[in-house]
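J.: Starting from the given sequences, assemble the full structure and let the hints guide the process.
Residue numbers (our numbering), protein chains in the order written: chain A, 84 to 394; chain B, -2 to 523.
What the hints contain is simulated information worked out from the structure, not anything from laboratory work.
All values reported here derive from a predicted model rather than from experimental measurement.
One or more hints might be untrue.
[What the hints assert, rightly or not] Within a straight-line C-alpha distance of at most 30 Å, the following computed DSS-like cross-link-like pairs (lysine-lysine) qualify:
hint, chain 1, residue 1, chain 2, residue 2
1, B, 410, B, 358
2, B, 284, B, 326
3, B, 149, B, 93
4, B, 121, B, 137
5, B, 355, B, 444
6, A, 136, B, 355
7, B, 40, A, 136
8, A, 136, B, 410
9, B, 121, A, 136
10, B, 93, B, 137
11, B, 355, B, 284
12, B, 332, B, 358
13, B, 40, B, 256
14, A, 136, B, 444
15, B, 332, B, 290
[Stated by the list, open to error] Here are a few chain A residues that sit away from chain B, every Cβ distance over 10 Å (derived from the structure):
hint, residue
16, 87
17, 99
18, 108
19, 117
20, 131
21, 152
22, 159
23, 213
24, 246
25, 288
26, 298
27, 305
28, 320
29, 369
Just so you know, even glycine gets a beta-carbon here, dropped at the ideal spot from N, CA and C.
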Amino acid sequence: MLSLVSRRVRNSLVLLVLATLLCFTLVVSAPGNIAVLIAELRSPNASFADIQKIEEELGLNDPIPVRYAGWLTGALTGNLGISYKTGEEVGPALASRIPVTAMLVAGGGTVALLLSLVFGFAGAMWPRHWPDVAGRGVALLGASMPSFFVGALLIYAFAVELRLVPTFGLAGPSSWILPWITIGLLPAAVLSRVVRVGLEEAMARPFALTAVAKGLNRRAILFRDALPNIAPTYINALGAQTGVMVVGAVVVEPLFAWHGVGDLFLTGIRFRDFMVVQACLLIFISFFILLNLLVDIGMIFTDPKLRRQGS
Amino acid sequence: MTTSRRIFLKGMLATPAAFGTFPIFSAIAQTAGGGALTVAIMKPAGDLNPHKYAGLWGVQDLIFEPLIRYGRNGEALPCLATEWALEEGGKLLRLKLRQGVTFQDGAAWNAESCMWNLDRWIGKDAQNWMNLSRAYESKKIIDENTVEIRFKEPVLGLLYELSFIRPSRFLSPKSVDKDGAYQAPVGTGPWIQDSATNEGSSFRRFDGYWGDKPSFERLELKVLPDSRSRMAALRAGEIDLTGGDFLAPLTANEATTLKKAGIEVSVETGTTTIVLGFNPDRNAALKDARVRKAINIGFDRAAIAQVLYQGLAQPAGNFFAPTVPMAGKRLDVPKRDVAAAKALLEEAGWTGDEIREKDGKPLAVELVASEEQIAGSRAVAEVMQAQLREIGIDLTIRSIDHASRHSDIPARKYDMAFFLTFGAPYEPFGSIVGLFLSTYDNGVDGKLFLDAQNLDPLVTAVMQASEANIETALQNIYDWLQAEVAVAPLLYVPSMWAHSPRVKGFTPPTTEYDLPYEGITLSEQG
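T.: Right, dumping it as C-alpha cells:
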C-alpha cells in the first residue's frame, strides 16, 4: 500500500509542476499590459517611457520560461511575490484568505454530505415513495440551478423577506448558513443520486439477499451492509464535487462578501495582477492534487480490491 | 479490515463538520447601529496616502481636506484656505489659511504643515499631469497663516486643481515615520479611521473638527463586491447607502428595481459624458467629416439611453453636461435621420445597397467597447451596430476588458471607442486639454480626437486665455467640435444613489469622487 501511495505522491508532484507551468503561460499570455495599469497608479499621465521602465522592473520582457523559473524559485522559498495592485506581499494576503475559503468549502461539504446521505438513503429506503420522489426533485433542482442563482434566491427569501439571516458577511453562525447551502446544494444533488443508485445496486447483490434471508430488516441491511459498499464510488464523487465547490467559491464568495481566495482570484484577474492570480492558481491546483491524493488513499482504505492490488 | 473501513468513514463524516464549525473567525459588526451610517463600497479602501493614486477617492475625502473645495456648478468654496488672491497676471497665488484647525493627531494646521505637504508632491514629475505642478516655480511662507505659491505661467483651472482629492490634500506631518514615509491616514477631515480590513473600514467622528460635525458618531464602510449583494443588503436594512461611480455603482436596472421595492433612489444629471470617439488615423473612412456626421445621426440616442440607463440618463447634444461649469451654449440633441445619413454617405462617395463601398472597399468600422469601463456598453454597441447597418455601415464590435482597454486606447488601436469625460472637479479643462491637445500625454485615457493643425491652437488659446476670455475660448472649441463632428456625445451619465428610509436629508455629492455624508441625519424609525 505504501508503494501505491508513494507512486501517487510522485505523480502529483509532476502534475503540479506541469499544471502551474500551463497556468503561468496562459496568465501571462492574456491580452492587456499590467505595466500600463501600474503606471496609472503611480501617475495618472504616465508616459510610454514610464510604462517601458515598469516592464523592465518587473521583467515583463523576459521569455516566459525565465519568468516561470523566477516565479517557481520564489514560490518554493515561500515568496509568492508582490501584488502589482496593492504593493503588498501576496503570501500573507493569501494566507489571511485561505481560512475563509476553507470554511466555505468545509461547510458546503458538510451540507453536501448530510443532504446527500439523507436524501439518498431515504430514497433507497422507500423507493418510488414520496421520500424518493422528493429526493429526486431536490437533486434535479440542485443540479439545474447555478450557484449564483441559488444564492440570490436564498438571500431574497431568507435575508431580505424573512430577515432570518444576514445578507452578507462573516458574523457568526447565522451568516454561515446561506453560503454553505448555496455552495453545497449542487454537490448534494449529485451525491444524493450516487448514494441512491449505489444503494439500489447493492441491494440487488447476493450478500443483501442473504441478509434478507437471515431476517434482517431493510434499514439494517442498507446501513450496515450496503452503505459501506458504495463508499469507494461515493468518496470518488465527493472528491470531484469538492473540486466543484472550490471553483464555486469564485462565484459564491463575492455574492456573500466573504473575502476568500475566490474573491482575491477574481480581483486579480480583473487587474491582471499576475502574482495574485498565479498564487491563487497554485493554491487551487495544489488543493485539487491533494484532494485527488486523499481520494486515492481513501479508496485504498475502503476498497479491499485496491489494497490487494497495491500490496 | 471492515473495522478500519467503518472508522475511516465515520472519521470522514466528522472531519468537515468539525472543521466547518470551528470558531476561528472573529465576529464582524454586521448591522447598522443607531449612530452609524453604513455605506457599501465595492472594493477595500486601499492605500489612502493622499499623495498617491491607489485608494478610493471617496474614502480619502473623509479624512483629507483641500485648500479650496469644489462646490456645486464649480463654485470655489473656502476650506483649509479662507481667502485667496491671484496676482501678477495669475502667476502668484496668495493663500490665507484657516486658523484654529488641527489634524486628527493634534498637529497644527498652519503655513509650515501646508508647505510640508506641498513639498511632497508639487513640481514632481509624477504630478505633472496637473497644470499647477507643471507650472510650479517656488513657494514662500509669509506668516503663520499665509503662504504664496509662484508659477512660471498662469495656471489653467488652478482653483479646481487645488480641490482635487489627490494629490492636493493635506496629511498630518506627525503621522509619517522618521524618514517621512507615509504611515497612517491622518488629516484634518471630520472622520478618523479606526480600522481597515478586506471586509471594510470603520470611522469615528473627529470631535475636534473645525467645520460642521456629522450628526452621527460612526461611519462604517462594508466591502460588497457584488452589486446584487449590495441591493439585498440595502433592502434588508443592513446597509444605509450605496451608489456613486467609484464607490459602489448602481445600474439603472438596479435603481429601478430598488425604487419599486420602496427604497429611496436619487437620480440626477452628473458631470460626466459618454462620448463616441473617432480615430481617422486608423480608419481612413472616418477622415471624412460627412461619414462622421452620418454616423452621428445614424443612431438613436434615446434608444441608447433606454438600453443603458432605462431612460434615467439624458441624451447628449453637448460635449459637457449643463452641470459642468463653462459647458457652452446648449445644443439640440442630434436626432436619428436615416435618409439624411444615407445622403451624406452618398455625397462622400460611399454607395451600395447593403454595406456601402468606395473604390471596392466596404465601409467597415470597428467599435471598441469595455464592459468594465461602461457597464452595458456592449449592448449599446449592438444597438449602434443594427442601426448603422441600416445606413450601410458594417460595424464590428470588439469587447475588451479593463487592462486591454488601458493598452489599446492610448495606442489608438480602435476605429471608434466609447470614452468618458473626467467629470467634476476636473472639468472643463481636464477633458479639453487631456483628451484633445496632441502634445499633452494623457496616459491611459488616450485621446478623443487629434488634429494638431486645427484643434491644438484652439486648446492652446484656452490655456492662455485670461479669466475674461476663457468662456469664449472654450466656446470656440465646442463650436469646432460640433462643426467637424469630431466627437459624438451620447449621454450625460446620471449620478445614482440609493439609501434606506432611515437616512434623512440626503443630497447627492457635488462630484462622483466624494462620499455623501454631509447633511445626513439617521432616523431610528427607518
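J.: Now tell me if each hint is right for this structure.
T.: Comparing the hints with the structure gives:
1. B:410 to B:358: Holds: residue 410 of chain B and residue 358 of chain B sit about 20 Å apart, inside 30 Å.
2. B:284 to B:326: 26 Å, holds
3. B:149 to B:93: 21 Å, holds
4. B:121 to B:137: 17 Å, holds
5. B:355 to B:444: Answer holds: residue 355 of chain B to residue 444 of chain B is near 28 Å, not above 30 Å.
6. A:136 to B:355: 44 Å, violated
7. B:40 to A:136: 28 Å, holds
8. A:136 to B:410: 22 Å, holds
9. B:121 to A:136: 18 Å, holds
10. B:93 to B:137: Holds. Residue 93 of chain B to residue 137 of chain B sits at ~12 Å (cutoff 30 Å).
11. B:355 to B:284: 14 Å, holds
12. B:332 to B:358: Holds: residue 332 of chain B and residue 358 of chain B sit about 28 Å apart, inside 30 Å.
13. B:40 to B:256: The hint holds at about 24 Å.
14. A:136 to B:444: 22 Å, holds
15. B:332 to B:290: 12 Å, holds
16. 87: 15 Å, holds
17. 99: Label holds. Min Cβ-Cβ 24 Å, cutoff 10 Å.
18. 108: Per Cβ check, residue 108 of chain A is outside 10 Å of chain B; nearest 17 Å; holds.
19. 117: Residue 117 of chain A not clear of chain B: closest Cβ-Cβ about 7 Å, inside 10 Å.
20. 131: 8 Å, violated
21. 152: Holds, because the least Cβ-Cβ distance between residue 152 of chain A and chain B comes to about 24 Å, which exceeds 10 Å.
22. 159: Residue 159 of chain A is indeed farther than 10 Å from all Cβ atoms of chain B, at 27 Å.
23. 213: Its Cβ never comes within 10 Å of chain B, the nearest being 26 Å, so this holds.
24. 246: 6 Å, violated
25. 288: Correct as stated: the minimum Cβ-Cβ distance to chain B is 16 Å, above 10 Å.
26. 298: Consistent with the label, residue 298 of chain A stays out of reach of chain B, its closest Cβ about 21 Å off (over 10 Å).
27. 305: 14 Å, holds
28. 320: Holds: least Cβ distance 13 Å, greater than 10 Å.
29. 369: Non-interface label stands for residue 369 of chain A: nearest chain B Cβ at 18 Å, farther than 10 Å.
Figure legend: structure checked against the earlier numbered hints; hints not met, in rising order: 6, 19, 20, 24.
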